[in-house]
Amino acid sequence: MEEVRKMEEEPKFFVRRTSGLVREFGLFDTFAFNVLGYAVGLVVMVTPLFVGGLFPGANIYLMLIIGSILTAFNGITYGLLSTAMPRSGGEYIYNGRVLHPAIGFMSNWGFSWSQFLGIGIYAAWTTNYALSTALTTLGYITNNPTAIRWGELVATKVVTWGLGTIFLLSVALLLLVPTRWLRKFLSSGFIIATIGSAATAVVFFMHSKEDFVAIFNDFMLKAKGLPDAYNSIIKIAIDLGYTVPKPSIVMTILSLSIGYWMYIGLTYSVYIGAEVKEPSKVQTPAILLSLLFGFIFYALSFVGYYRVVGGELNDALGFLNLNHPEANPIPVPPVMGFFSGLLAGNVPMNVIIGVSFFLWHYLLLVVMSTFCVRNIFAWSFDRIMPAKLTAVTRYGSPWAAAITVVVLAWTLMTLWLFTPYFTYVVNYIVIFSIAFWITSWAAILLPYRRKELFEAAPEIVRKKVFGVPLIVIAGILNMFLFTLVLISSFMLPAFSGPVGLGATLFVVGIYLSGIIIYYIAYAYRKTKGIDLNMLYKELPPE
Amino acid sequence: MRKLRIFFGTDLHGSTRCFIKFLHTGKFYKVDCSIIGGDITGKVIIPIIECGDGRYKAHFLGVDYILSSISQLEELEKKIENTGYYPYRTNEDEVKELQSDPSKMDALFERLMIDRVKKWIRIADERLRNSETKYYIQPGNDDSFATDPILETSECITNPEGKIIDIGQGYEMISSGFANITPWKCPRDIPEEELEDKIESMASQVRNMQLCVFNFHCPPFNTKLDQAPKLNENLQLQLGLSGQEMVSVGSVAVRKKIEEYQPLLGLHGHIHESKGVDKIGRTLCVNPGSEYSEGILKGCIIQLKEGKVESYYFVSG
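Chains as they are written, first to last, in numbering that gives the first Met the number 0: chain A, 0 to 541; chain B, 0 to 316.
Derived by calculation from the structure, the hints in this document are not laboratory data. Keep in mind that a hint or two might mislead.
Taking lysine-lysine and the DSS-like style, the derived pairs with C-alpha atoms no more than 27 Å apart in a straight line are [claimed, not checked]:
1) B:78 / A:276
2) B:26 / A:525
3) B:307 / B:29
4) A:462 / B:77
Using the sequences and the hints, build the whole thing.
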């Protein structure tokens, strides 16, 4: 049978008048959801410092290009799986249908725990990093002691806990409004945050390096009494063991995990798959558009930043931040927004930058909470979790699951702020990367284990490259990417978190508990006439 | 009283793959009765047009096909049939004729729908002869009245429309595929008052409402089962300040009669993406949703025991 691209004659099909339906998230909403998921405006602020400290000599542009290409296969893997199975719940659905229901639950349970932990940490960071940095930066640049004092105050543990609690409560309220309002809120927030981040980058293109050095030195002299701060900071770093790095291919390869890290969240729309309109036309394109947007945004921001601030100062600050934070004389976190605000030098611009930085943190909280609620809802709907968690308001908002997510996140935020527990055991990247790695198998095996499902899927899912299904190729490359990410995570604790015995047991415990919960639920439901293994088992089609 | 296990699916919309799967539900899910709650006919005809040189061309699921052999033709026809559409071999002249004459188009749809249902009944009667599971299929609001007499000819499938049926273990079921008026003015769209009368005429004869199942294609109004996008008079999506507006489109009559009689269970469909459960008083109402075009038979398995719903869960077969 020959498939051709063009046909001249109409019509292509006839339709009679019957009832039909649509879903909520369109292309733009889905695209915005994913960009908010990887919080481009937050990540761009810290990445140069991160790369300079962790991978001195790495070529950040090469890292960005290769990292983006590898990430594209992660996006394609999840996008195509979500197109073939357009339901909410991510790997719970894909792995559950293609591999085994217990594997589906275990992997999505593990992924969701990484997000519960993430929401807890981000609730605190929204205060003690985003809000604090925005206020102190504004205070120092505009010489406003009140703003500095407020900035320092909100970074204290108790105030961070209090404001974090308020932020989480506001997220709970947002999760209870009808989906269309939530979608509108996220899309509007995305536009405002993006404008702020774009303004941050544009400022760099309006100044030269000479401008920056003069303004920076003047600022540091007034704020800290440090003369010739630009060169002094590099000298401080050298005195503490920093050597000016030479370009290094090895470091560039090692930094590829950051090339992916910059896009963590790119595929979050698959967890709300049941709410995405026309999944075959929206899901994969929205994910890839988000990637393209991020790539362009990162590239332009890096070009502007390095052109003006310079790699020498950035790398020296990266070294100091990682190894001797107490020796860094800059009074605020030396992130991109600080340098941009310093160059702009006025209150409105610094407010815009600060609001944008705060919004990227806060909206990420909302995004993560939104899909965690969908995951819990999917488990409960299938009776792995108590059916009471499927309770919804009269507008269809899943209140029981929303409260569960917020209470869990609040508990974890409290633990993170007041105990050293997280420092010892929580390796966020390893936790979710295992789920992504397992999902590679669902993509690779879909055409063979669920042939009927594959053949009934939209054309985009059935595409072949040199006779091999694209989804299989994407799955293999996704597996390569997450093997790399997992190796990097174990080699570079500074990148992903602790890697000792405690951390390993914690990760194993999370995934093992997923399997145990599934089989306890399985045994219990069986006594009630419910066979969980039959949830997605295909009926004979012939 | 012993327990009774029910499989309930709905809105197959012409998908032969889903229908064949439905025939397997008895053994696969170990149920006592298996029910399809309406909308069994398809919505789309895919013309497979003669090119004049022995080849055919067609457009299906975003792909244009050129078919140069009978085996390719049959393979595509099977694919089309499995998604619920109707493949139709034709030529350019007939296509033009169909486009210009709605009555001819309607007649073609009717013919293809009848042929498909006849085929299904033939397969069912062959396969279910020794089945211990009872099978029920009723038409829904989208289905032509021409489907009823075909369903009635089956030896193994019962059309429960308008009947009070003992489905086993003392449980009774009353059924209707009619719906309140939709914007599409489908064959079985009727005013609420008429629908209420239909339900009342059956409900008033039920022996024990504690053991009764209401099998109504249309879900009750203002529940989690009846949420659909708001449309304007041109059947276009109604966008408000907050984006797509969702409204309740279920039947007031269905809700009224459930509230009044409080049966054990309500089985509903109609709104494909409003999969869910809701409770009206003591009555558990379910809508398993539909993914017929993907060849997935969605359903809900309900276990009744001692006059109560012991358990229920949704499956994607």
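Now the hints, each set against the structure:
no.	hint	in the structure
1	B:78 / A:276	24 Å, holds
2	B:26 / A:525	17 Å, holds
3	B:307 / B:29	19 Å, holds
4	A:462 / B:77	20 Å, holds
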